[in-house]
Each structure stands twice: as structure tokens, then as C-alpha cells.
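Starting from the known structure of chain H, arrange chain U on it as the hints suggest.
Residue numbers (the numbering used here), protein chains in the order written: chain H, 7 to 206; chain U, 7 to 206.
No wet-lab data here; the hints were simulated from the structure.
Certain hints may be false.
The list cannot tell twin chains apart, which means a pair is met if one copy fits it or any two copies do.
Taking lysine-lysine and the DSS-like style, the derived pairs with C-alpha atoms no more than 25 angstroms apart in a straight line are [claimed, not checked]:
#1 K117 / K195
#2 K159 / K198
#3 K90 / K116
#4 K117 / K193
#5 K198 / K141
#6 K175 / K198
#7 K116 / K198
#8 K193 / K116
#9 K198 / K155
#10 K148 / K175
#11 K175 / K155
#12 K191 / K9
#13 K175 / K203
#14 K148 / K65
#15 K116 / K195
#16 K193 / K141
#17 K193 / K9
#18 K159 / K203
#19 K141 / K203
#20 K9 / K175
#21 K116 / K191
#22 K91 / K116
What you are looking at is a predicted structure, and each value in this text was computed from that prediction instead of being measured.
There are 2 protein chains.
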Amino acid sequence: MSKGFLLVVSGPSGCGKGTVCKELFKRNEELIFSVSVTTRKPRNGEINGVNYFFIHEEKFNNMVENHEFLEYAQVHNNYYGTPKKFVLEKIEKGEVVVLEIDVQGALQVKKAYPEAVFIFLLPPSMNELKERIIKRGTETEKDINIRMKNAFKEIEFIDEYDYIVINDKVMDAVEKIETIITAEKLKVKRHKNIMEKIIS
Amino acid sequence: MSKGFLLVVSGPSGCGKGTVCKELFKRNEELIFSVSVTTRKPRNGEINGVNYFFIHEEKFNNMVENHEFLEYAQVHNNYYGTPKKFVLEKIEKGEVVVLEIDVQGALQVKKAYPEAVFIFLLPPSMNELKERIIKRGTETEKDINIRMKNAFKEIEFIDEYDYIVINDKVMDAVEKIETIITAEKLKVKRHKNIMEKIIS
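With the rest of the complex left out, here is chain H (with noise of 0.2 angstroms):
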């Protein structure tokens, strides 16, 4: 058996990475959701352990002292993480997680965990972006110029991934992105036992 690895999908805000991977998780039953760990409330129909696992801060703090988070951040007085060990054990049963993620989020999991495979999700161009976090309609003129700024800085760290979509139609993106799943399965170092197998 081969060992799985961890699938990084990022990109700006608007780039459209959550219709992509949705579209991915639809297509690809195998595929497992990375479940984040975090410290706000349940919402209705939310269930510990599939959509994320819930725990208190205290817990949430113990774990980032103990290095247990492949990443971790705080949003609007929330604490969000991917954890380590649930990734780490998906992995050497030969499963591909899949962690849609913003783009500080990856460089974080880049550090802790450099072995995994990083696909930054592009618009077509910085118009179309603009476009669709407009479309939106969720934000104002100063939050659309803010998303902006940091998706050109953030595009600065595209170097840190390896390798580039452009999210032009959904299902050619999540073509790419299954193409990329297909080629990591076939790399050498995946596949240690190789020889044993081959020769015996």
C-alpha cells in the first residue's frame, strides 16, 4: 500500500476555491475532508467530528502549545486549526486529505509541513476577481479594496507552492486538480515497498 498525502488548495479570497472543492468532493468520494478544530458554537445540523470538531478554548490553547496544529487562526473572536494527528493518520492509511485554505493558512501548514502538495488557485485575471468578490454582494467598497491589496500581496507567495491552477470554469479547474491527485499517487517516494512488491 502506498502512503496518501495532504492536498493544500488556497488561493485569495474570491478565487472560487469553495465551489472548487466542493465540485472535488463531489466527484471524488475517496477524497477526505480535513475537519478543523474549533472553539465556536455549533450551528444547527453542525456534527462534532464532520464538520469540525468542537472544543473549548482551554483545549484549543493546550493544543497550540503542544504543536498539535498543522495551522491555526482566530476569526471574529473564534479560534479555527487543522490538526495534525487526524491528517498525519489519514495519511499513512494511504488516504489524500484535502485542506481548502486562505493563503496565510497554507504558508503556516508550508512550515509545519513542508511534504505536502500545494495547489494555489488563480482568477483568470485581477478584473475578474474584483468581479466576483463584487458579485458577491456581501462586501463593502472598502472591504472589496482591502481583498484587493492583500490578493496581490498574497499572489507574491505563489513560489512557496507547487503547483498553479487558473480557475477559469469550475470543472476544468477541478479536472486540473484531480490530474494533480492522479501524478502525486504515481511519485516514487510514495511508494517505498515498491521494490519488495515488485521483486517478490
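Showing chain U alone in chain H's frame:
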């Protein structure tokens, strides 16, 4: 425009790299066949610059001295080599150059040009490999044993390679190589100008 790359398809004698590469070129006309330099005389129908670059031994020795080869070897009193210039020029133009070569040659290329993408083509088992060599009907029992011994030795170099493709069915192996090519084209390092393109 993105940069191309050199794809080295290699593996032990009998792994089927000739058949797989023939099919790969048939299905993907945009791939560039890496044309070797040789000191042997052209055979009927062979065209200089297409099948080989035919040169004299003195010129070959000069090229060796000037480190103009990614690899070279002597076979039956003739010399064969992969000219660096041919490969690098195509790569600069964004082309994917495919080099089908034995393991010894691939290891030379790895030293001279580690940026290449290395695929190790494996038979499904060593018994299958032996049967394939026997089926050819061109080798004595002694030759077959030597080839098998070499194959066992060569497999130990698999860690020098990037990808492993098991050649159980030819078309499956070809499709896997096509997937690797598609994924490799998405590598960030081949799109150094992507930021300018997106931002503009």
C-alpha cells in the same frame, strides 16, 4: 508562455519502454522526440536530424570534452549521446522533450540535468519481466540471466526517479505518463511569468 521540460522514460530492459514511448508519441504529436547523436552509419531510410544526428567519432569526442551531452554511452563500437543543446532549446520554447533511455543513461542525465522529470517504468513483477525477455526469443539463457541480474540492480536506483509507472497494460501506462505530463505543466516553477500575466 511557460517553460517546457525534459521527460526521461526509463526502466530495466524488458520493461516495455520502447512500446510505451511509441504509443505515447503516436497519441501526443506535440511531444518532441529527443534526437540522439551517434557515430554509427545511417541505415536505409534514416534521416539526419530526425532519427539521429550522424557525426564522426572525432566530433563526438570533442562534444564529450566540451560537456555537450546530457549522457553518452558506447554500444558495439559506436557512440551514442543526448545533446544538451537540442533539449534545452526545445524546453526554452515551451516544448516537452521525451527521452527513452536505459537506467544507466537516466542516472547520467540526473547528474547533468536534475531538473528533468524522471519516470521509472516497471514490469508488474520480475517474473513477468523474465517472461517478456524470453518471449523476444533473441537472447540465450545466459543473456537472460545477465539481464535479470541487471534489472534487480537497476531497481535499486528507483529513488533517483520522480514517478513510478507500472507497465501492466501498455495503454494504462501511456495514460499515466500523459497524466504526469499534464500535472508537470501546472508546476509553479514552469510559470515564472504568471504573476505578470494575472496582474496585467
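Results of checking the hints against the structure:
1. In this assembly of identical chains, the alpha carbons of K117 and K195 lie at most 25 angstroms apart whether taken from the same copy (20 angstroms) or from different copies (19 angstroms).
2. Taking CA atoms no more than 25 angstroms apart as the test, K159 paired with K198 passes between copies only; the shortest distance there is 16 angstroms, against 39 angstroms inside one copy.
3. Taking identical chains as interchangeable, the C-alpha atoms of K90 and K116 lie at most 25 angstroms apart only when both belong to the same chain, with a minimum of 13 angstroms there against 34 angstroms between chains.
4. In this homomeric assembly, K117 and K193 come within 25 angstroms of each other (Cα to Cα) both inside a single copy, at 21 angstroms, and across copies, at 19 angstroms.
5. Taking identical chains as interchangeable, the C-alpha atoms of K198 and K141 are never at most 25 angstroms apart, the minima being 48 angstroms within one chain and 30 angstroms between chains.
6. In this homomeric assembly, K175 and K198 come within 25 angstroms of each other (Cα to Cα) only across copies, at 22 angstroms, whereas the closest approach inside a single copy is 37 angstroms.
7. For a Cα distance limit of 25 angstroms, the shortest separation of K116 from K198 qualifies both inside one copy, at 23 angstroms, and across copies, at 20 angstroms.
8. For the identical chains of this complex, K193 and K116 are neighbours both inside a copy (19 angstroms) and across copies (16 angstroms), given an alpha-carbon limit of 25 angstroms.
9. Proximity of K198 and K155 under a CA criterion of 25 angstroms is satisfied inter-copy only: 21 angstroms between copies versus 44 angstroms inside one chain copy.
10. Proximity of K148 to K175 under the C-alpha cut-off of 25 angstroms is found in neither arrangement, the shortest distances being 28 angstroms within a copy and 58 angstroms between copies.
11. For a Cα distance limit of 25 angstroms, the shortest separation of K175 from K155 inside one copy, 24 angstroms, qualifies, whereas the shortest one across copies, 51 angstroms, does not.
12. When the C-alpha separation of K191 and K9 is checked against a cutoff of 25 angstroms, the pair qualifies both within a copy, at 8 angstroms, and between copies, at 24 angstroms.
13. For a Cα distance limit of 25 angstroms, the shortest separation of K175 from K203 across copies, 18 angstroms, qualifies, whereas the shortest one inside one copy, 41 angstroms, does not.
14. Neither within a single protomer nor between protomers do K148 and K65 lie at most 25 angstroms apart by alpha-carbon distance, with minima of 36 angstroms and 68 angstroms respectively.
15. Taking identical chains as interchangeable, the C-alpha atoms of K116 and K195 lie at most 25 angstroms apart whether they share a chain (18 angstroms) or sit on different chains (16 angstroms).
16. When the C-alpha separation of K193 and K141 is checked against a cutoff of 25 angstroms, the pair qualifies neither within a copy, at 40 angstroms, nor between copies, at 30 angstroms.
17. In this assembly of identical chains, K193 and K9 lie within 25 angstroms of each other by CA distance both inside one copy and across copies; the values are 10 angstroms within and 22 angstroms between.
18. Taking CA atoms no more than 25 angstroms apart as the test, K159 paired with K203 passes between copies only; the shortest distance there is 15 angstroms, against 47 angstroms inside one copy.
19. In the homo-oligomer, the alpha carbons of K141 and K203 lie at most 25 angstroms apart only across protomers (23 angstroms), although the nearest pairing inside one protomer, at 53 angstroms, exceeds that limit.
20. In this assembly of identical chains, the alpha carbons of K9 and K175 lie at most 25 angstroms apart only when taken from different copies (23 angstroms versus 31 angstroms within one copy).
21. Proximity of K116 and K191 under a CA criterion of 25 angstroms is satisfied in both settings, with 19 angstroms inside one chain copy and 22 angstroms between copies.
22. Proximity of K91 to K116 under the C-alpha cut-off of 25 angstroms is restricted to the intra-copy arrangement: shortest distance 16 angstroms within a copy versus 36 angstroms between copies.
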